[in-house]
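Student: Go ahead and model the full structure; you've got the sequences and the hints to work with.
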Amino acid sequence: MSVKNHIPNFITSLNLLCGALAAFYALNGKLGTAALLIFAGALFDFTDGFAARMLKAYSPMGKELDSLADMISFGFAPMAILHMMLKQTVLGDIQADFFQANILNQAFVLSPFVITVFSGLRLAKFNVDTRQTESFIGLTTTATGLFISSLGFVFVHDLNWLNDLIQNQWLLLTFVPVFSFLLVSEIPMFSLKFKNFKLLQNLDKFVLLLSGLIMIVWLGVGGIAVVIALYVFFSVIKLVFVKIN
Numbered sequence: 022m023s024v025k026n027h028i029p030n031f032i033t034s035l036n037l038l039c040g041a042l043a044a045f046y047a048l049n050g051k052l053g054t055a056a057l058l059i060f061a062g063a064l065f066d067f068t069d070g071f072a073a074r075m076l077k078a079y080s081p082m083g084k085e086l087d088s089l090a091d092m093i094s095f096g097f098a099p100m101a102i103l104h105m106m107l108k109q110t111v112l113g114d115i116q117a118d119f120f121q122a123n124i125l126n127q128a129f130v131l132s133p134f135v136i137t138v139f140s141g142l143r144l145a146k147f148n149v150d151t152r153q154t155e156s157f158i159g160l161t162t163t164a165t166g167l168f169i170s171s172l173g174f175v176f177v178h179d180l181n182w183l184n185d186l187i188q189n190q191w192l193l194l195t196f197v198p199v200f201s202f203l204l205v206s207e208i209p210m211f212s213l214k215f216k217n218f219k220l221l222q223n224l225d226k227f228v229l230l231l232s233g234l235i236m237i238v239w240l241g242v243g244g245i246a247v248v249i250a251l252y253v254f255f256s257v258i259k260l261v262f263v264k265i266n
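Anchor point for the sequence shown: position 5 equals 26 in our numbering, and the numbering is continuous, going up by one each time.
Take these hints with a grain of salt, some might be off.
Below 27 Å or equal to it, Euclidean Cα-Cα: the simulated DSS-like pairs (lysine-lysine) are [what the hints assert, rightly or not]: (1) K146 / K219; (2) K226 / K259; (3) K226 / K146; (4) K146 / K259; (5) K51 / K84; (6) K84 / K146; (7) K259 / K219; (8) K77 / K51; (9) K264 / K146; (10) K146 / K51.
Hints listed in this document are in silico derivations from the structure and should not be mistaken for laboratory results.
Tutor: Below you can see the structure in the form of structure tokens.
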């Protein structure tokens with residue numbers, strides 16, 4: 022096997038490394054650093070697929086490695102961030118002794134790892150679902166991880182009004198059932214890949230990209246979470262219009 026065939030797997034391994042380091046930093050209270058590592062992992066996650074297409078270096082091992090990397094980088098590490106955010110909001114201190122809390126508060130603080138379980142189910146489902154070649158069914162693990170990570174970054178940097186919003190423990194707790202459902206739902210999520218650049222054929226993509234650009238300019242890193250929320254919203258609206266017609 023030539024060296025070029027190993028390049029996509031090497032890039033995927035960098036994604037996995039970023040995810041493992043992000044989990045370590047998150048569980049030690051460095052949420053901003055953890056979020057940045059997850060963003061780096063997302064860049065590698067995009068790049069490995071691009072490299073595989075350019076080099077025509079597809080392999081069964083690469084597909085499996087990609088899922089394993091995504092499980093760590095977007096299924097576990099971001100939930101470690103959310104776990105620490107809940108530790109701050111529920112227990113009052115990110116360094117609080119978890120084992121001194123009552124059983125209910127312990128359950129609240131540990132609840133983000135339910136999303137980790139559903140992330141694993143999502144990735145396993147994607148690997149065997151032949152319907153998801155052109156678009157997605159259910160929210161991707163990557164999008165879920167980026168949503169949580171962007172809020173984690175805002176949480177520690179107090180960048181804008183979003184910070185006040187996500188200090189609410191009840192809002193953070195609602196993410197657990199919402200994202201667990203979205204990950205394994207049968208809701209079609211449109212792909213952001215362009216086959217051409219015709220306006221009417223890609224109207225949903227152009228609207229999302231323009232809205233996303235505005236949100237990121239306005240809110241900075243926190244805009245990533247808003248973009249993903251818009252992505253879900255537009256996908257649901259598109260589904261409703263399809264069913265009506």
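Student: Is the Cα-Cα distance between K77 and K51 27 Å or less?
Tutor: violated (38 Å)
Student: For K259 and K219, compute the direct alpha-carbon distance and say whether it is at most 27 Å.
Tutor: holds (18 Å)
Student: Is the Cα-Cα distance between K226 and K146 27 Å or less?
Tutor: holds (25 Å)
Student: Can you confirm whether the C-alpha distance between K84 and K146 stays at or below 27 Å?
Tutor: With a Cα-Cα distance of about 13 Å, the restraint between K84 and K146 holds, given a limit of 27 Å.
Student: Are the Cα atoms of K146 and K259 separated by 27 Å or less?
Tutor: holds (23 Å)
Student: Next pair to validate is K264 with K146; report whether the Cα-Cα distance is within 27 Å.
Tutor: Within the cut-off at roughly 24 Å; holds.
Student: Taken at face value, is the distance from the CA of K259 to the CA of K226 at most 27 Å?
Tutor: This hinted pair holds, its Cα atoms lying about 11 Å apart.
Student: Given the hinted pair K146 and K51, is their alpha-carbon gap at most 27 Å?
Tutor: Violated: K146 and K51 sit about 32 Å apart, past 27 Å.
Student: So if I understand the rule, the pair passes when the alpha-carbon distance is 27 Å or less; does K51 with K84 pass?
Tutor: Between K51 and K84 the Cα gap is close to 31 Å, so the pair fails against 27 Å, i.e. violated.
Student: Would you check the hint for K146 and K219, treating anything up to 27 Å between C-alpha atoms as holding?
Tutor: violated (32 Å)
When the structure is compared with the earlier hints, violations turn up for hints 1, 5, 8 and 10 and for no others.
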